[in-house]
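Asks: Read in order, the letters of the sequence shown correspond to residues 0 to 239 in numbering that gives the first Met the number 0.
Since the hints were made in silico from the structure, they are not lab data.
Keep in mind that a hint or two might mislead.
To be verified - Think about it this way: if two alpha-carbon atoms lie no more than 35 Å apart in a straight line, the pair counts; the simulated DSBU-like pairs of lysine-lysine are: (1) Lys-226 to Lys-175; (2) Lys-202 to Lys-175; (3) Lys-202 to Lys-226.
This structure is a prediction, so every number in the text was calculated from the model and none was measured.
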Amino acid sequence: MTRTVPEWLAPTSLEEALELRARFGDEATVVAGGTFIGILMSQRLMAPSAFLSLRGVRELAFIEANDQLRIGAMTTHRDVERSPIVREGWPTVAYTFSLVASPRVRNQATVGGVLADADYASDPPAMLNALDARAIARSLQGEREIPIEELITGYYETSLRSDELLVEVRIPRNVKRAVYRKFRSRSSEDRPCVAVAAAHNGKQLRVVVGAVAERPQYFPDICALAKGEQLNHALATEIG
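Given these sequences and hints, build the entire structure.
Replies: Written out as structure tokens, the structure is:
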């Protein structure tokens, strides 16, 4: 049986990548770090006719901070974990990314990839949701900002359009306290069987539970119990 070799598209600029995305749409699978796609292909869960690799689009690899933290989609987990900017201003973000798999995987996996893959049992999406982060999607038609809560819509499904690329993540600076905890079913398994992310900006509490459903679960009604209240163990027990 003849096996068709997928076409490999390798743009070197964002403009070129957007043009290819508009031309091929969902016929070309977008590749960032390639860690998750490699697993799916090895299990024969996908067989793309073309790949759109973003490896050469270096303008998407950056970490900047002013009134918010901006992370380019091609920034690796390891870069986030070790960034002085992130560790100083958003330590829980650095910590969460440090929990993903192994250093070998974190050196390859990207921020954009972990969100666009929409893997229900990945660590960063729940934490980014709790922090009220936004994903920036861009196409030839323009740019739009998508709350992480609305980006992941189901198992391996997102609200990205067929002509869009996820180019950036933006995280507010106004978080006063944040925490992430993951629970494993066995010590050798890096993926959580359940994860809890919580963030408080001084006015609003956001608690998000990950790895228990098709997408991270945010509970606004429960979080509303903390509005105007002093956070303490008793209140946390009531909310939990």
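Asks: Regarding the pair Lys-226 and Lys-175, is the alpha-carbon distance no greater than 35 Å?
Replies: Holds, because 14 Å separates the two Cα atoms, which is no more than 35 Å.
Asks: Would you mind confirming whether the straight-line C-alpha gap from Lys-202 to Lys-175 stays at or under 35 Å?
Replies: Holds. Lys-202 to Lys-175 sits at ~9 Å (cutoff 35 Å).
Asks: Below or equal to 35 Å on CA atoms is what counts here, so check Lys-202 against Lys-226.
Replies: 7 Å, holds
Hint check: no violations occur; every hint is consistent with the structure.
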